[in-house]
Every structure is written in C-alpha cells, then in structure tokens.
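Trainee: Protein chains in written order, with our numbering: chain A, 58 to 281; chain B, 58 to 281; chain C, 58 to 281; chain D, 58 to 281.
Because the hints were derived from the structure by calculation, they are not lab data.
It cannot be assumed that every hint is accurate.
Which copy? The list can't say, so a pair holds if one copy fits it or any two copies do.
[Claimed, not checked] In silico BS3-like cross-links for lysine-lysine, where the CA-CA straight-line distance does not exceed 30 angstroms:
#, residue 1, residue 2
1, 101, 207
2, 274, 260
3, 80, 101
4, 80, 99
5, 274, 99
6, 274, 101
7, 80, 207
Number of protein chains: 4
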Amino acid sequence: MREDRGLEVGTATLQEPYHGLAKSVLAATDVLVWWGHAAHGKVKDAVVERVLRRVWEGMGFIALHSSHYAKVFKRLMGTSCSLTWREAGERERLWVCNPGHPIARGIERSFEIENSEMYGEPFAIPTPDEIIFLSWFEGGEVFRSGCTWKRGNGKIFYFRPGHESYPIYFNPVVRRVLRNAVRWAAPEGQPWIDSCPNIPISKAREKLVAKGPRLHKEGETGFR
Amino acid sequence: MREDRGLEVGTATLQEPYHGLAKSVLAATDVLVWWGHAAHGKVKDAVVERVLRRVWEGMGFIALHSSHYAKVFKRLMGTSCSLTWREAGERERLWVCNPGHPIARGIERSFEIENSEMYGEPFAIPTPDEIIFLSWFEGGEVFRSGCTWKRGNGKIFYFRPGHESYPIYFNPVVRRVLRNAVRWAAPEGQPWIDSCPNIPISKAREKLVAKGPRLHKEGETGFR
Amino acid sequence: MREDRGLEVGTATLQEPYHGLAKSVLAATDVLVWWGHAAHGKVKDAVVERVLRRVWEGMGFIALHSSHYAKVFKRLMGTSCSLTWREAGERERLWVCNPGHPIARGIERSFEIENSEMYGEPFAIPTPDEIIFLSWFEGGEVFRSGCTWKRGNGKIFYFRPGHESYPIYFNPVVRRVLRNAVRWAAPEGQPWIDSCPNIPISKAREKLVAKGPRLHKEGETGFR
Amino acid sequence: MREDRGLEVGTATLQEPYHGLAKSVLAATDVLVWWGHAAHGKVKDAVVERVLRRVWEGMGFIALHSSHYAKVFKRLMGTSCSLTWREAGERERLWVCNPGHPIARGIERSFEIENSEMYGEPFAIPTPDEIIFLSWFEGGEVFRSGCTWKRGNGKIFYFRPGHESYPIYFNPVVRRVLRNAVRWAAPEGQPWIDSCPNIPISKAREKLVAKGPRLHKEGETGFR
Numbered sequence: 058m059r060e061d062r063g064l065e066v067g068t069a070t071l072q073e074p075y076h077g078l079a080k081s082v083l084a085a086t087d088v089l090v091w092w093g094h095a096a097h098g099k100v101k102d103a104v105v106e107r108v109l110r111r112v113w114e115g116m117g118f119i120a121l122h123s124s125h126y127a128k129v130f131k132r133l134m135g136t137s138c139s140l141t142w143r144e145a146g147e148r149e150r151l152w153v154c155n156p157g158h159p160i161a162r163g164i165e166r167s168f169e170i171e172n173s174e175m176y177g178e179p180f181a182i183p184t185p186d187e188i189i190f191l192s193w194f195e196g197g198e199v200f201r202s203g204c205t206w207k208r209g210n211g212k213i214f215y216f217r218p219g220h221e222s223y224p225i226y227f228n229p230v231v232r233r234v235l236r237n238a239v240r241w242a243a244p245e246g247q248p249w250i251d252s253c254p255n256i257p258i259s260k261a262r263e264k265l266v267a268k269g270p271r272l273h274k275e276g277e278t279g280f281r
Numbered sequence: 058m059r060e061d062r063g064l065e066v067g068t069a070t071l072q073e074p075y076h077g078l079a080k081s082v083l084a085a086t087d088v089l090v091w092w093g094h095a096a097h098g099k100v101k102d103a104v105v106e107r108v109l110r111r112v113w114e115g116m117g118f119i120a121l122h123s124s125h126y127a128k129v130f131k132r133l134m135g136t137s138c139s140l141t142w143r144e145a146g147e148r149e150r151l152w153v154c155n156p157g158h159p160i161a162r163g164i165e166r167s168f169e170i171e172n173s174e175m176y177g178e179p180f181a182i183p184t185p186d187e188i189i190f191l192s193w194f195e196g197g198e199v200f201r202s203g204c205t206w207k208r209g210n211g212k213i214f215y216f217r218p219g220h221e222s223y224p225i226y227f228n229p230v231v232r233r234v235l236r237n238a239v240r241w242a243a244p245e246g247q248p249w250i251d252s253c254p255n256i257p258i259s260k261a262r263e264k265l266v267a268k269g270p271r272l273h274k275e276g277e278t279g280f281r
Numbered sequence: 058m059r060e061d062r063g064l065e066v067g068t069a070t071l072q073e074p075y076h077g078l079a080k081s082v083l084a085a086t087d088v089l090v091w092w093g094h095a096a097h098g099k100v101k102d103a104v105v106e107r108v109l110r111r112v113w114e115g116m117g118f119i120a121l122h123s124s125h126y127a128k129v130f131k132r133l134m135g136t137s138c139s140l141t142w143r144e145a146g147e148r149e150r151l152w153v154c155n156p157g158h159p160i161a162r163g164i165e166r167s168f169e170i171e172n173s174e175m176y177g178e179p180f181a182i183p184t185p186d187e188i189i190f191l192s193w194f195e196g197g198e199v200f201r202s203g204c205t206w207k208r209g210n211g212k213i214f215y216f217r218p219g220h221e222s223y224p225i226y227f228n229p230v231v232r233r234v235l236r237n238a239v240r241w242a243a244p245e246g247q248p249w250i251d252s253c254p255n256i257p258i259s260k261a262r263e264k265l266v267a268k269g270p271r272l273h274k275e276g277e278t279g280f281r
Numbered sequence: 058m059r060e061d062r063g064l065e066v067g068t069a070t071l072q073e074p075y076h077g078l079a080k081s082v083l084a085a086t087d088v089l090v091w092w093g094h095a096a097h098g099k100v101k102d103a104v105v106e107r108v109l110r111r112v113w114e115g116m117g118f119i120a121l122h123s124s125h126y127a128k129v130f131k132r133l134m135g136t137s138c139s140l141t142w143r144e145a146g147e148r149e150r151l152w153v154c155n156p157g158h159p160i161a162r163g164i165e166r167s168f169e170i171e172n173s174e175m176y177g178e179p180f181a182i183p184t185p186d187e188i189i190f191l192s193w194f195e196g197g198e199v200f201r202s203g204c205t206w207k208r209g210n211g212k213i214f215y216f217r218p219g220h221e222s223y224p225i226y227f228n229p230v231v232r233r234v235l236r237n238a239v240r241w242a243a244p245e246g247q248p249w250i251d252s253c254p255n256i257p258i259s260k261a262r263e264k265l266v267a268k269g270p271r272l273h274k275e276g277e278t279g280f281r
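Could you build the full structure based on these sequences and the hints that come with them?
Mentor: Quick look at the structure:
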C-alpha cells in the first residue's frame with residue numbers, strides 16, 4: 058500500500074483493544090482492508106457492529122482471501138459465503154472480466170500466481186454488482202476471485218488471492234490490484250446513515266390531519 | 058392465506074419454544090411469513106441463524122411492515138434497513154411497477170389503503186432484484202413498498218403495508234398480494250447449502266502434484 | 058427438447074417467411090431457443106423488433122453459443138457482447154455456481170465436454186442476475202457460460218456450449234440443462250407490455266386542476 | 058453546466074452533420090447529456106451505433122426527461138422504456154433514496170418542482186443499479202426519477218425532470234443534480250472495448266494441441 062504515496066496507511070490487529078478499531082480510528086478511515094483466518098470467531102461482535110455502521114456510512118471494505126468467512130463480510134453479504142478449497146501449491150491464472158474497470162487499471166488481460174491455494178465454486182455470495190476477476194486453477198476449478206458490491210454507501214471488494222505461506226502479497230500484480238482497489242473503494246459522496254426518524258404530522262410536506270387510532274405518540278422513537 | 062386452498066398454513070409465535078420454529082418445522086416450511094415489531098430484540102440469535110440457513114437452502118421469506126427491523130431481515134440485507142415514518146392514518150396508494158410480475162397477478166395498476174402508517178424514503182436496503190410496488194402517501198412521501206431479493210436459494214419479498222390498529226390485513230387486495238407472494242417465493246430448485254468442503258488433491262479433476270508448503274493437512278476442516 | 062414429454066416443440070429457420078416467426082407463432086410460444094452464427098446479419102430487423110416485444114411481454118429467450126452475437130441478444134443486453142475464442146477441440150469443464158438453481162437440477166457439481174470451442178473472458182455483457190455455470194478450459198481460459206437476466210417480463214438465459222461440428226447437443230448433460238432452462242424460462246405472470254398511455258387530468262387519482270402551459274392536447278399520443 | 062468551472066461544455070444538435078457527434082467529438086467527450094423529444098425517429102442509426110460504442114468504451118451518458126424514448130437510451134436498456142404521463146402543471150416532489158450518493162451531494166432530503174409534467178409507473182426499464190430519486194406527484198402517481206446503470210464501461214443516469222414550457226432547467230436544485238451527475242458519470246478506468254479476437258492455439262496460456270474438426274482457420278475473424 059505504501060507504494061502509493063497518496064495513501065496514508067495504518068494497521069490494526071486482533072490483540073489490540075477493540076482490535077485496533079476504536080471509533081475514532083474508524084471515523085478517520087476511508088477504506089478498511091481486512092484479512093482474517095484462524096481467529097474469525099474471536100472478533101468481538103461490538104466491533105463487527107461498529108465496522109458495519111462505518112461501511113454503511115461510506116467507508117470502503119476490502120476482504121482478502123480467507124476473509125470470505127470473516128464476520129463482517131458474512132454480515133454484509135447475508136449469505137453463507139462458503140466455497141470449496143484445496144492446498145496444493147497449484148498454478149492460478151486470474152482473468153480480467155472488464156479491462157476498463159478502475160480496479161483492473163494497468164493489469165494485463167490475465168496474470169498468474171505460480172503457487173496458490175485453490176478456492177472453487179460454488180461460492181455462496183449474492184450476485185456481485187460487478188465481477189472483475191475470474192480464476193482458472195491447474196487442478197481444474199474456477200472461481201469468482203474479484204467481486205464488488207455496495208451496502209449502504211460503502212463499496213465492497215472481495216479479492217481471493219492470499220496465503221499464509223506462499224508469498225502472494227509480494228507479487229507486484231497482486232499489489233497493484235490492491236492499490237487500485239483501495240483507490241476505487243474510497244468514499245465518493247457525503248457520509249450518511251439514517252436512524253429511522255419519526256416525521257411529525259405538522260412537518261408533513263403536504264397538509265395532513267391525523268385520522269384513526271395511533272400506536273405511537275407524536276415524536277416517539279420506534280421499536281428496534 | 059387459507060383463502061388459497063392449495064396452501065397449508067401454520068403459525069409460530071415468540072412465546073413458543075424456539076418461537077415455534079423447531080428445526081423440523083422449518084424443514085417442512087416452503088415459505089415463512091414474518092411479522093414482528095416491539096419484540097425484535099427478544100428473538101433468539103440461535104433461531105435467527107436457523108432461519109437464515111433454511112432461507113439459504115431455499116425457503117422463501119416474506120417480511121411484513123415493521124419487520125424491516127426484524128433480525129432475520131437485517132441479516133439477509135446486510136444494511137441498516139432504516140426508513141422514516143409517521144402515524145397519521147393517511148391515504149396510501151400502491152402502484153404496480155411491473156404488472157406482468159406474478160406477485161402482481163390480478164392486481165389493478167394501483168390500489169389504495171385509506172388509513173395507513175407512512176413509511177418514507179430513504180429506505181436503507183441493498184438494490185432490490187425487482188421493485189413490484191411503489192407507494193404514494195397523502196402527506197407527500199414515497200416508498201419502495203414491494204421489493205424482491207435472493208439470498209442463497211431463498212427468495213425474499215418485503216411488503217410494506219400492515220399495522221396493529223388499522224385493518225390492513227383484511228383488505229382483499231393486500232390479501233391477494235400476500236397469496237401471490239407466497240406462491241412466488243416457494244422453492245424452485247433442489248434444497249442446497251454448502252459447508253466449505255476440502256477437495257483432496259487426489260480428487261482434483263485435473264492431475265495434480267502438491268507443491269510448496271501447506272498450512273492444512275489433507276482432508277482437514279478449514280477455519281470458521 | 059422432445060425428451061421432456063411436457064414440452065410442445067417446433068422449429069423456425071432463417072429461410073422461412075419471417076424466419077418462421079409469424080406473429081401468431083410468437084404469440085403461442087412460451088420460450089424461444091435461438092441459435093445463429095454465420096447469418097446474424099440476415100435476420101430482418103422487423104423480426105428482431107417482433108421478438109423483442111414478445112420477450113418484454115413475457116416469452117422466455119434462450120441464446121445458445123454463437124448467438125452471443127445474435128441481433129436479438131445484443132438488443133436485449135445493450136452491450137457489445139464480444140468475447141475471445143479459439144477452436145482447438147480442447148476440454149471444457151462447466152462448474153455449477155448454484156446447485157440449488159432450477160437450471161442446475163439433476164446436474165453434478167461439474168461436467169465435461171471433451172472437445173469444445175473455447176470462449177474466453179472478457180465477455181462484454183451487463184452484470185447477470187445470476188451466474189449458473191462457469192467454464193474452465195484446457196488452454197487456460199475461463200468464461201461465464203450460463204447467465205440469466207430479465208428484460209421486461211421475459212426471462213433470458215445464455216448458454217455457451219455448442220458447435221457446428223462437435224456433437225455437443227448430443228451430450229446428455231447439455232440436453233438436461235436445456236430442458237431445465239426451458240422450464241425455468243417459461244412465463245410466470247400475465248402477459249404485459251405498455252404503450253406510454255396519456256392519463257387524462259379527469260382520471261387522476263387525486264383531484265387535479267390543470268396549471269401552466271401545455272405542449273400536448275388532452276388524450277394525445279406522445280412522441281416516439 | 059458552465060456553473061461548474063471544472064467542466065468544459067459543448068453542444069450538439071440534430072441539424073448538424075452527424076447531429077454534431079463526429080467521431081472526434083465523441084472521442085473527446087467524457088459525458089454526453091442527451092435531450093430529445095419530437096424527433097427521436099430522425100436520429101440516424103449510424104450515429105446511434107457510434108454513441109453506443111463510445112458509451113461501452115467508457116463515456117458517461119445522461120438521459121433527460123422525454124429521452125426515455127431516445128434510440129440510444131432504448132438500446133442501452135434493452136426494454137420498451139414506456140411509462141404513463143400527464144401534462145397538468147402539477148406539483149412534483151423528488152425524494153432522495155440515498156443521501157450519501159455523489160449525485161445527491163448538497164441536495165436536501167426532498168425538493169419540489171411546482172409545475173411539472175407527470176411521468177408515472179410502470180416505467181419499463183431493467184432493474185437500476187441504484188435508485189437515487191423517487192418522485193411524488195400531486196395527481197397521485199409515483200415514478201423512479203433518478204436511476205443509474207452501467208453498460209460496458211459507461212455509467213448511465215436517467216433523470217426525469219424537464220419540459221419544453223415549464224422552466225425546470227432553471228431550477229437551481231435541478232441544475233445541481235445535473236452537475237453532480239456529470240461529475241459522477243465521468244470515466245473512471247481506461248477506455249476499453251473489445252472486438253471478439255481469435256486466440257491462436259500457439260498463444261494459449263496452457264500447452265494445447267488441436268483436436269477434432271475445425272470450422273474456422275487459424276487467426277480467422279468470426280461471424281458477426
């Protein structure tokens with residue numbers, strides 16, 4: 058990331074208080090890149106809720122590799138996010154499905170990762186807004202490896218490549234994709250999230266007289 | 058619902074064990090119609106998980122009115138699901154956005170509810186697969202009142218009308234919509250949900266020899 | 058198709074008047090399966106318009122293989138529909154992305170075509186509503202081989218496999234997919250298409266008095 | 058438009074050669090704002106094709122008001138694009154469905170147009186990627202007034218307000234929306250469009266030997 062001088066980069070880890078994601082840190086973050094694996098279950102639900110709210114408000118969220126099972130990602134998708142997998146150090150080739158997309162900027166029509174863990178279809182996600190990369194695996198599988206969605210005002214990108222042992226994040230093309238994705242996922246509009254406001258009858262845009270029975274009092278907060 | 062002789066109808070309430078949603082009950086349910094309001098927070102998370110899994114497997118899910126804030130619905134959407142609201146017994150008119158859709162079968166181009174609670178935009182949902190109804194309110198607001206999505210294999214329909222005091226579910230057009238929606242949401246394919254299986258190297262579709270280091274042992278279960 | 062006794066099957070060819078697609082034929086057709094290649098340019102625009110209208114009304118449309126460049130398909134997509142290709146008789150393996158989808162009913166997790174023409178990404182289509190199949194090719198490419206969309210009330214399915222020389226449509230799994238797809242694409246709702254009606258002021262649902270200048274006369278037809 | 062100093066603005070009219078849309082003009086255009094009405098049928102098909110290609114390549118396209126029936130817009134949508142309408146100078150109120158979207162930047166939760174032509178649902182469009190505005194009309198109708206799509210690499214925005222007699226494009230909020238939309242629709246990636254290239258066997262990424270019969274010769278152009 059730091060190869061892009063225009064980006065200001067910080068890290069947050071599981072061991073820190075709030076996993077390093079204090080409210081003030083999140084508020085100052087434009088794009089959160091998430092990588093988790095063995096400890097998905099140890100991520101605190103309060104932090105998950107906090108990250109979700111910040112995504113809805115406009116923060117970009119990039120989920121890497123095994124983060125398909127991260128609590129935050131599963132909550133944003135609303136599906137099981139399962140897939141098939143195999144660890145054989147096989148060759149993976151990623152094809153660009155839309156060379157004009159900003160996440161694919163400067164990337165050839167395809168690129169290879171010589172030793173990769175296989176992730177295969179079916180990948181249990183909701184239909185992506187756009188598919189940027191599809192993977193071909195030496196062992197015969199395929200996978201939707203680069204997908205985008207929007208939830209609230211937050212742009213989301215899932216990117217498959219990554220591994221604990223193989224040096225995948227040292228691959229210059231993978232790094233290029235990540236920098237492109239961070240640029241793409243940055244907030245575009247104004248931060249916004251709503252809280253289910255009651256609109257008093259007196260403030261209706263058209264003249265209105267109350268009719269019939271009422272369950273709530275004027276200006277009351279609704280049930281959550 | 059019972060007006061459609063082809064449907065077998067049961068009820069489940071918060072007070073029952075597992076809120077009436079035992080695994081066997083869910084397994085035998087094609088479409089679950091959900092209405093909650095004041096007690097969203099009392100719905101047990103274990104039951105929420107169970108319902109989600111059954112939706113992903115193929116069960117239809119219909120969320121009524123204040124169920125925009127039901128735990129299950131929020132989990133399926135991955136957004137805040139907030140909206141604006143007002144209780145003034147005002148007139149609501151629902152317009153059909155696609156008269157050819159099966160949920161609109163037998164419905165005129167628009168229909169009215171004389172005394173209704175207003176729900177207004179912005180409605181914080183992910184883009185629906187299809188919008189079936191849009192509402193016009195006497196007080197000047199509009200709302201996406203009939204929306205569909207798919208999560209896993211489950212079809213989802215949100216329908217806005219409903220109230221505790223106004224006799225909205227006695228309205229014959231509203232009842233028609235609900236019967237149409239249940240028919241539409243019924244499972245179409247074969248029940249399916251995945252569990253992230255490891256594919257052994259020996260079972261790869263193309264001949265494969267393991268290369269490089271491995272984090273997992275052959276046949277191991279991955280991290281959740 | 059005739060292997061499914063519940064289907065009534067007819068054929069239409071380029072050489073017939075209106076290419077065999079008289080209005081009465083289309084009106085009686087639930088699902089149109091289209092395969093064209095060398096003569097895309099000879100398909101008459103009037104017939105294209107007629108097919109489009111029937112799709113919008115609710116007729117299913119299944120485009121096979123080289124029909125990615127059929128006039129009707131390109132008009133329904135609104136994109137260039139280009140792809141890359143190679144004719145080497147190589148092995149293709151199609152993976153099911155959602156085993157619970159009705160088009161995948163009775164199909165294993167993947168199936169193979171021993172000699173196939175390669176179609177590769179980028180495939181210039183709008184984001185599909187759902188991806189049912191992804192292809193893996195021996196030569197190293199991948200492709201979105203089974204995709205669905207909806208235009209008006211018509212369900213659309215593009216299916217990649219097919220060739221003039223290789224016996225692909227004799228493959229029993231391919232045939233099963235096609236029969237599933239025809240069942241899936243059949244109209245669900247009521248036939249519907251609109252014609253931009255003028256709503257007279259006297260028929261507005263809310264009382265309305267005309268204000269300001271008018272370009273059109275009451276009841277006039279708009280510009281096309 | 059010229060109120061935004063960062064924009065360079067030109068105009069093109071039906072009467073000019075190629076309607077003012079020479080290839081060089083289009084190539085230099087980031088975003089094309091289109092308004093047509095009575096003369097949709099006079100727009101030359103060759104120019105339509107040229108604009109489509111430029112949109113697929115990445116040019117933004119904004120369709121105003123009666124341009125729902127413009128040839129280019131109908132071609133991009135692949136649907137009939139019909140709607141209902143009434144010219145009574147009635148009040149229209151547009152609600153923002155997502156206040157965090159860049160097209161809604163600086164716009165209040167709703168804004169009004171005192172004298173407006175009514176456009177009503179059903180609006181025969183494919184499901185938008187996002188709905189930015191919904192309209193409420195005095196006469197009782199509703200409409201999806203601000204919708205986005207992507208076709209190829211081009212971002213598309215349809216915006217309902219506009220009229221030949223009412224001074225709608227002098228409304229400062231409408232002007233703000235248009236400037237926001239132009240900024241949003243500007244190309245993000247690299248210009249790209251494909252032409253269905255044949256990939257020679259010798260250039261396959263995996264070693265490949267030709268098998269079986271061939272319809273095309275090596276390096277041949279495919280059928281269009």
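Trainee: Regarding residue 101 and residue 207, is the shortest C-alpha distance of 30 angstroms or less found within a copy, between copies, in both, or in neither?
Mentor: both (23 angstroms within a copy, 28 angstroms between copies)
Trainee: For residue 274 and residue 101, with the copy left unspecified, which applies at a CA distance of at most 30 angstroms: within, between, both, or neither?
Mentor: Cα proximity of residue 274 and residue 101: across copies only (28 angstroms, versus 36 angstroms in one copy).
Trainee: How would you label the pair residue 274, residue 99 (within, between, both, or neither) given a Cα cut-off of 30 angstroms?
Mentor: Between. Shortest inter-copy distance 23 angstroms satisfies the 30 angstroms Cα cut-off; intra-copy 42 angstroms does not.
Trainee: Which holds for residue 80 with residue 101 at a C-alpha limit of 30 angstroms: within a copy, between copies, both or neither?
Mentor: Classified as both: same-chain Cα gap 14 angstroms, cross-chain 28 angstroms, threshold 30 angstroms.
Trainee: How would you label the pair residue 274, residue 260 (within, between, both, or neither) given a Cα cut-off of 30 angstroms?
Mentor: within (15 angstroms within a copy, 37 angstroms between copies)
Trainee: Indicate which option fits the pair residue 80, residue 207 if close means a Cα-Cα distance not exceeding 30 angstroms: within, between, both or neither.
Mentor: within (22 angstroms within a copy, 33 angstroms between copies)
Trainee: Regarding residue 80 and residue 99, is the shortest C-alpha distance of 30 angstroms or less found within a copy, between copies, in both, or in neither?
Mentor: both (19 angstroms within a copy, 27 angstroms between copies)
Going down the numbered hints, you'll see the structure goes against none, and every one checks out.
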